[in-house]
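Protein chains in written order, with the numbering used here: chain F, 6 to 133; chain X, 4 to 275; chain Y, 95 to 251.
Derived from the structure by calculation, the hints contain no laboratory data. Quick reminder that beta carbons are idealized off the backbone N, C-alpha and C, glycines included. Heads up, a few of these hints could be off.
Between beta-carbon pairs, the in silico distance windows are [said to hold, decoys possible]: (1) Y:148 x X:170: 50 to 56 Å; (2) X:55 x F:130: 48 to 54 Å; (3) X:272 x F:104: 25 to 31 Å; (4) Y:176 x X:221: 30 to 36 Å; (5) Y:245 x X:79: 34 to 40 Å; (6) Y:97 x X:21: 24 to 30 Å; (7) X:170 x Y:245: 36 to 42 Å.
The list that follows gives simulated cross-link-like pairs (lysine to any residue, SDA-like), each with its CA atoms no further than 20 Å apart [claimed, not checked]: (8) F:130 x X:194; (9) F:39 x X:250; (10) X:112 x X:54; (11) X:76 x Y:214; (12) X:227 x X:252; (13) F:68 x Y:148; (14) Y:135 x F:58; (15) F:68 x Y:215; (16) F:39 x X:252; (17) X:227 x X:194; (18) Y:180 x Y:209; (19) X:112 x F:121; (20) X:76 x Y:218; (21) Y:135 x F:49; (22) Y:131 x F:54; (23) X:85 x X:64; (24) Y:105 x Y:148; (25) F:39 x X:186; (26) X:54 x Y:165; (27) F:68 x Y:165; (28) X:112 x F:65; (29) F:39 x F:65.
Listed below are the residues making up each chain.
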Amino acid sequence: MSSFDVGTPVDYNIVVGQMEGGFLQGIGYASIEKMDYDNKGRIRNNSFTDYLVPTSMDVPNMKAVMHVEEYPDGPYGAKGAGELPLVAPPPAYIEAVEQALGGASVHPLSRIPFSTEDVILELNKEVS
Amino acid sequence: MVNGYKPSTLQEAIEIRARERVIPYAGGTDVMVRRPEGIPFLFLNNIPELKEIRDDGEYIRIGAAVTFTQALKNDLVPALMKEAVSRIAAPAIRNAGTFGGNLGNGSDKADSVMAGFALDGRVRLLSESGERVLPLGEFCIRRGVTAIRDDELIVEVLLPKENCTLPYYYKKIGGRNALAISRVAVGGVYSVKDGVIEQFTAAFIGGGDVCRRFKEIEEKLIGKSVDDVRANIDEYVKSYSESLTFTRGRVSAEYRRTVITNLLYDYLGSLW
Amino acid sequence: MDDIRFRLNAKDVAYAGAATDRLLDVLRDDYDMKSVKCGCKEGECGACAVLIDGVLTNSCCVAMGAVDGHEIVTVEGYRETPRFAKLSEKFAELSAVQCGFCIPGMILAAEALLCVNPHPTEDEVREAISGNICRCTGYNAIVNAILNAAKEGDGLW
Numbered sequence: 006m007s008s009f010d011v012g013t014p015v016d017y018n019i020v021v022g023q024m025e026g027g028f029l030q031g032i033g034y035a036s037i038e039k040m041d042y043d044n045k046g047r048i049r050n051n052s053f054t055d056y057l058v059p060t061s062m063d064v065p066n067m068k069a070v071m072h073v074e075e076y077p078d079g080p081y082g083a084k085g086a087g088e089l090p091l092v093a094p095p096p097a098y099i100e101a102v103e104q105a106l107g108g109a110s111v112h113p114l115s116r117i118p119f120s121t122e123d124v125i126l127e128l129n130k131e132v133s
Numbered sequence: 004m005v006n007g008y009k010p011s012t013l014q015e016a017i018e019i020r021a022r023e024r025v026i027p028y029a030g031g032t033d034v035m036v037r038r039p040e041g042i043p044f045l046f047l048n049n050i051p052e053l054k055e056i057r058d059d060g061e062y063i064r065i066g067a068a069v070t071f072t073q074a075l076k077n078d079l080v081p082a083l084m085k086e087a088v089s090r091i092a093a094p095a096i097r098n099a100g101t102f103g104g105n106l107g108n109g110s111d112k113a114d115s116v117m118a119g120f121a122l123d124g125r126v127r128l129l130s131e132s133g134e135r136v137l138p139l140g141e142f143c144i145r146r147g148v149t150a151i152r153d154d155e156l157i158v159e160v161l162l163p164k165e166n167c168t169l170p171y172y173y174k175k176i177g178g179r180n181a182l183a184i185s186r187v188a189v190g191g192v193y194s195v196k197d198g199v200i201e202q203f204t205a206a207f208i209g210g211g212d213v214c215r216r217f218k219e220i221e222e223k224l225i226g227k228s229v230d231d232v233r234a235n236i237d238e239y240v241k242s243y244s245e246s247l248t249f250t251r252g253r254v255s256a257e258y259r260r261t262v263i264t265n266l267l268y269d270y271l272g273s274l275w
Numbered sequence: 095m096d097d098i099r100f101r102l103n104a105k106d107v108a109y110a111g112a113a114t115d116r117l118l119d120v121l122r123d124d125y126d127m128k129s130v131k132c133g134c135k136e137g138e139c140g141a142c143a144v145l146i147d148g149v150l151t152n153s154c155c156v157a158m159g160a161v162d163g164h165e166i167v168t169v170e171g172y173r174e175t176p177r178f179a180k181l182s183e184k185f186a187e188l189s190a191v192q193c194g195f196c197i198p199g200m201i202l203a204a205e206a207l208l209c210v211n212p213h214p215t216e217d218e219v220r221e222a223i224s225g226n227i228c229r230c231t232g233y234n235a236i237v238n239a240i241l242n243a244a245k246e247g248d249g250l251w
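The following block holds chain F by itself, in its conformation from the complex (with noise of 0.2 Å):
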């Protein structure tokens, strides 16, 4: 469940759009789109088999709410949209995954992404 606050919506239906676009981005961000770099400064992950981006199946149960309330500012009471999504999923996501593991006091996690092998490694922290 995510709120936006971007004064006043001029198109509705686009920025709920955008909102779960971004949020959807956010929580790949944070959980599956890994990028290696090689000593050469190349990247690794260079086709869409090696960068992994959520697909329709990967879609957590999300809702995106809109705070509507007039910007005296903006454009019609507008604030800038696009770039405010991708902002609040990746640490919420990371802090459920700390959560799950038992608390900042057991795992800190403080990078994205996250994977689920990262889960096990940090898992196998506990048992060595």
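Using the hints provided, position chains X and Y relative to the given structure of chain F.
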């Protein structure tokens, strides 16, 4: 046809294969990504025998040009195979991808091959010099290398009927819920009678550079009671994890080892 | 050498090029079917999806020799149908189209689904478009548009 052949019989196809260097093309989903230059394609989609699924009394035979979507709609195909194949990529790929291609491209991550191996399947190869039928374990040598000869074509995959109705285990772990290549997968069939394991197979993707099974470990499990297996589960899982080799690819070796171990506990713990 | 003969959007056509040529390139360059998009050239994005004999297929993974004797439909042909009109209406209503790049593939994936399953569940819609990557929408609007088209399109499919 420029740079291609479209035979309408298997005989025609193996004749072309014998005299010229061609690339067999069934669904195209692998060949077209690799894009080899200059070599003509041998289109196999017009050969009726290669598109059939049939029951000959002893085996379920799946033709090399049968697509995964076709297999999913056919009642003869065993449940383990259907489950493995239903998770391949996405609908458009399953509509084109074939059993022959999945086997022939020598991938160590081929889902239909792993399921076939777990079912004790075999592959029938044909050339002008004759026919060979190989167990899948012998056909898959290592990543990118199969036992196929230059003049041979894959005709069909044979699945022993008595294994096709057994209870099975299957878990695939990919990077996401669709369009995901298997990073690790475990599949097997088993039968338990009066609390004793009568049959057991376990095939692995992600535990080596080829799909693997360990008959020695399977034989140790056969004849044991399910209670005995549960009581000694740590040892059985350990013998597997010591036999498998975990390499780093898109994911780390440690991840593969941990996940396969977890899946083995799940599989062996679920036998009843 | 014989030409490769197939039907494209209900018209008979003949292709004189190589059987190894990629269908995606031929559709775009030789037949001007620009609705067929090139996203990845490895079957991982669905932007190039077309219907071959009614079956959803990634045209980047198809060689011309394989289409000989078959029937191909792209959005240029499909857009003349009442089914498309209904899908188009629902997509527009929900603003399910943002940049538009994934949309031709999504439309044909929707057609491929509704043809065999005129009343799908949400999960079935998600699976049907699971091979079509979209970065803009997060998929929800597209899924809902397809579900609405199915609900209101009684008799169309």
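Hint check results:
1. Y:148 x X:170: 50 to 56 Å: At roughly 36 Å between Cβ atoms, residue 170 of chain X and residue 148 of chain Y fall outside 50 to 56 Å, so the hint is violated.
2. X:55 x F:130: 48 to 54 Å: Given about 53 Å between the Cβ atoms, the range holds.
3. X:272 x F:104: 25 to 31 Å: Holds, since residue 272 of chain X and residue 104 of chain F (Cβ atoms, about 28 Å apart) stay within the stated range.
4. Y:176 x X:221: 30 to 36 Å: The hinted range 30 to 36 Å is violated for residue 176 of chain Y and residue 221 of chain X, with Cβ atoms some 58 Å apart.
5. Y:245 x X:79: 34 to 40 Å: holds, 36 Å
6. Y:97 x X:21: 24 to 30 Å: The hinted range 24 to 30 Å holds for residue 97 of chain Y and residue 21 of chain X, with Cβ atoms some 27 Å apart.
7. X:170 x Y:245: 36 to 42 Å: Distance hint for residue 170 of chain X, residue 245 of chain Y holds at roughly 39 Å.
8. F:130 x X:194: violated, 37 Å
9. F:39 x X:250: holds, 19 Å
10. X:112 x X:54: Roughly 23 Å between the alpha carbons, so the hint for residue 112 of chain X and residue 54 of chain X is violated.
11. X:76 x Y:214: Holds: residue 76 of chain X and residue 214 of chain Y sit about 17 Å apart, inside 20 Å.
12. X:227 x X:252: Between residue 227 of chain X and residue 252 of chain X the Cα gap is close to 36 Å, so the pair fails against 20 Å, i.e. violated.
13. F:68 x Y:148: violated, 34 Å
14. Y:135 x F:58: holds, 16 Å
15. F:68 x Y:215: Between residue 68 of chain F and residue 215 of chain Y the Cα gap is close to 19 Å, so the pair holds against 20 Å.
16. F:39 x X:252: Cα-Cα ~14 Å, so holds.
17. X:227 x X:194: holds, 12 Å
18. Y:180 x Y:209: holds, 14 Å
19. X:112 x F:121: OK: residue 112 of chain X and residue 121 of chain F at ~19 Å, within 20 Å.
20. X:76 x Y:218: holds, 16 Å
21. Y:135 x F:49: holds, 18 Å
22. Y:131 x F:54: With Cα atoms ~18 Å apart, residue 131 of chain Y and residue 54 of chain F stay inside 20 Å; holds.
23. X:85 x X:64: holds, 14 Å
24. Y:105 x Y:148: holds, 15 Å
25. F:39 x X:186: Roughly 15 Å between the alpha carbons, so the hint for residue 39 of chain F and residue 186 of chain X holds.
26. X:54 x Y:165: holds, 19 Å
27. F:68 x Y:165: violated, 41 Å
28. X:112 x F:65: The given pair, whose Cα atoms are some 27 Å apart, is violated under the 20 Å limit.
29. F:39 x F:65: OK: residue 39 of chain F and residue 65 of chain F at ~19 Å, within 20 Å.
Hints 1, 4, 8, 10, 12, 13, 27, 28 from the list above are not met by this structure, while the remaining hints are.
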